[in-house]
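Protein chains: 2
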Amino acid sequence: MPEPEWLTDDEQRAWRGLLQMTARLGNRLNRDLQQTSSLSMADYDVLVQLSETPGGRLRVFEVAEHLQWEQSRLSHHLARMQRRGLVVREECTTDRRGAYAVLTDAGREAIEKAAPAHAATVRRTVFAGLSPDQVAALEAITTEVLSRLDPPF
Amino acid sequence: MPEPEWLTDDEQRAWRGLLQMTARLGNRLNRDLQQTSSLSMADYDVLVQLSETPGGRLRVFEVAEHLQWEQSRLSHHLARMQRRGLVVREECTTDRRGAYAVLTDAGREAIEKAAPAHAATVRRTVFAGLSPDQVAALEAITTEVLSRLDPPF
DNA sequence: AGGGGGTACATGACACATCATGTACTTTCG
DNA sequence: CGAAAGTACATGATGTGTCATGTACCCCCT
Chain V
1 MPEPEWLTDD EQRAWRGLLQ MTARLGNRLN RDLQQTSSLS MADYDVLVQL SETPGGRLRV
61 FEVAEHLQWE QSRLSHHLAR MQRRGLVVRE ECTTDRRGAY AVLTDAGREA IEKAAPAHAA
121 TVRRTVFAGL SPDQVAALEA ITTEVLSRLD PPF
Chain U
1 MPEPEWLTDD EQRAWRGLLQ MTARLGNRLN RDLQQTSSLS MADYDVLVQL SETPGGRLRV
61 FEVAEHLQWE QSRLSHHLAR MQRRGLVVRE ECTTDRRGAY AVLTDAGREA IEKAAPAHAA
121 TVRRTVFAGL SPDQVAALEA ITTEVLSRLD PPF
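Top to bottom, those sequences are chains V and U.
So the first sequence is numbered by this note's numbering: it starts at 1 and just counts up by one.
So the second sequence is numbered by this note's numbering: it starts at 1 and just counts up by one.
Just so you know, these hints were derived from the structure itself, not from any lab.
Quick caveat, the model's predicted, so the values are computed rather than measured.
Just so it is clear, CB atoms sit at the ideal spot from N, CA and C, and this is done for glycine as well.
There may be inaccurate statements among the hints.
As the list claims (entries may be wrong) - If the Cβ cut is set under 8 Å, some of the chain U residues that face chain V in the computed set are: (1) Gly98; (2) Gln134; (3) Ala140; (4) Leu146; (5) Leu149.
Unchecked claim - Ranges between beta-carbon positions, derived for each pair: (6) V:Val102 - U:Arg16: 21 to 31 Å; (7) U:Gln71 - V:Gly98: 19 to 29 Å; (8) U:Glu70 - V:Arg73: 17 to 27 Å; (9) U:Asp133 - V:Glu62: 13 to 23 Å.
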């Protein structure tokens, strides 16, 4: 076995940049969403999943798969969102262990109201400064890294 | 004023990729660090800052600046790290409101023990799959986005 | 039929982040 | 010099994520 192998200087800079960017970007998006819509990014992500399906209903485990969330996290989060009236749970008749997460009218209204401003912020802070080549490069990088995260290692 | 302007399909894919990548990568690194060192990424980041200064001591607000953390977050986190014996607080004589965060021997040992495996994971999951061009592109992208996050908007 | 093992989800405990506020000290400026 | 304003940090409340565990149900196999 050869390595540990530290990072090169170039890699160091890219890595620190990535950490910084994701941290600050996350803060920014969370803050903006919170102020304009009283939603968190987590809320937003859940609502997007539900709103993209006909009827706004999805099995809980499907939402978890799409978002790559732990089941427990989603369960807690749905409980909180339910308290706020954004979603409701409905029991599943074909598999009585299971449950549906269902978008309420208030939930649909919330995401439809939040989406434009959110997208605008994303566009303004990240994509407005990037060339098409950079966008393509970013996609290539993310898919490569994701492939290394998924199955083998 | 023209916009809102939604994202193009290319941008959509890059954006979702970035969200996915950062989410899963964060989980991965946190999990690995936790298991091998009983440290979180947050712990690690704080310890890095302190260990990079002579004496392993830094004013609390300086740590907050470097990490771009909220003051309150850092204060709470230092309290927990202090309980675990990784750092101690010392009062500042030149400005008696202030405090130093100081690395303990245990803290230094913890980070020195954790760093190699952590760096190896980063290298293996992200940089081992990227070409030098991609690394350069990544750095360019992060600095561009960061510049848009900082001062003006 | 009737286990045994896996699946779908909830829950309680605890680590963590954020917000609002409080305390003590420093600086500034009239 | 003295009061107002600002800075450095702590703390409590509350929302959020993770881990361990529990409960109910499904499925498959003998």
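Right, here's what the structure says about each hint:
1. Gly98: With a minimum Cβ separation of about 25 Å from chain V (threshold 8 Å), the hint on glycine 98 of chain U is violated.
2. Gln134: Nearest chain V Cβ about 6 Å off; hint holds.
3. Ala140: Since the shortest Cβ distance to chain V is 7 Å, the answer is holds.
4. Leu146: Holds. Min distance 6 Å.
5. Leu149: Cβ of leucine 149 of chain U sits 5 Å from chain V, so the hint holds.
6. V:Val102 - U:Arg16: 21 to 31 Å: For arginine 16 of chain U against valine 102 of chain V, whose Cβ atoms are near 24 Å apart, the range 21 to 31 Å holds.
7. U:Gln71 - V:Gly98: 19 to 29 Å: violated, 44 Å
8. U:Glu70 - V:Arg73: 17 to 27 Å: With a Cβ separation near 23 Å, glutamate 70 of chain U and arginine 73 of chain V satisfy 17 to 27 Å, so the hint holds.
9. U:Asp133 - V:Glu62: 13 to 23 Å: violated, 38 Å
Hints 1, 7 and 9 from the earlier list are contradicted by this structure; the remaining hints agree with it.
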